[in-house]
Amino acid sequence: VGPASIATFEAKDRALSPAEIRIMLKELENVPTLPTIRVGLKFILLTMVRKSELLEATWDEVDFENAVWSIPKERMKRKKPHNVYLSQQSLDIMIALKTCAANSRY
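Residue numbers (my numbering): 255 to 360.
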């Protein structure tokens with residue numbers, strides 16, 4: 255009998271609950287890592303974007319005045335443009351990152 259015929263496992267999509275997100279945000283402060291990694295993880299938890307979407311973001315995609323990050327379709331998994339509406343916390347993170355980035359387009 256082959257091992258694959260004994261049991262089948264179905265992958266489950268699971269999202270963090272709001273309570274779990276709060277715990278992650280709180281505990282992230284205690285993780286010994288680079289500040290940029292900590293800030294990036296906070297931003298991902300606040301916006302639920304993919305890591306690759308954040309890493310490939312350019313400043314021209316972010317409308318700071320209206321607190322919207324427009325991800326072009328070329329970088330989206332489903333090939334459709336996507337707007338990320340930024341909370342005050344996530345907007346503050348973007349502003350801090352832009353300050354650190356100086357004249358970089360990323």
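Don't read these hints as lab results, they were simulated from the structure.
Incorrect hints may have been included.
What the hints assert, rightly or not - For each label pair, taking beta carbons as the anchor points, the in silico distance ranges come out as:
#, residue 1, residue 2, range
1, Y360, E319, 16 to 22 Å
2, P289, W313, 18 to 24 Å
3, M278, P326, 36 to 42 Å
4, E281, C354, 20 to 26 Å
5, P326, S358, 14 to 20 Å
6, E264, W313, 39 to 45 Å
7, E328, V285, 29 to 35 Å
8, E274, S358, 20 to 26 Å
9, D317, V293, 27 to 33 Å
Quick reminder that beta carbons are idealized off the backbone N, C-alpha and C, glycines included.
So, going through the hints one by one against the coordinates:
1. Y360 - E319: 16 to 22 Å: Given a distance of about 20 Å, which is inside 16 to 22 Å, the answer is holds.
2. P289 - W313: 18 to 24 Å: Since the Cβ atoms of P289 and W313 sit about 19 Å apart, the hinted range of 18 to 24 Å holds.
3. M278 - P326: 36 to 42 Å: The hint (36 to 42 Å, Cβ to Cβ) is violated, given that M278 and P326 are roughly 28 Å apart.
4. E281 - C354: 20 to 26 Å: The hinted range 20 to 26 Å holds for E281 and C354, with Cβ atoms some 23 Å apart.
5. P326 - S358: 14 to 20 Å: holds (19 Å)
6. E264 - W313: 39 to 45 Å: Distance hint for E264, W313 holds at roughly 41 Å.
7. E328 - V285: 29 to 35 Å: Cβ of E328 to Cβ of V285: about 33 Å, so the range 29 to 35 Å holds.
8. E274 - S358: 20 to 26 Å: violated (33 Å)
9. D317 - V293: 27 to 33 Å: Cβ of D317 to Cβ of V293: about 20 Å, so the range 27 to 33 Å is violated.
Hints 3, 8, 9, counting from the list given before, are not met by this structure.
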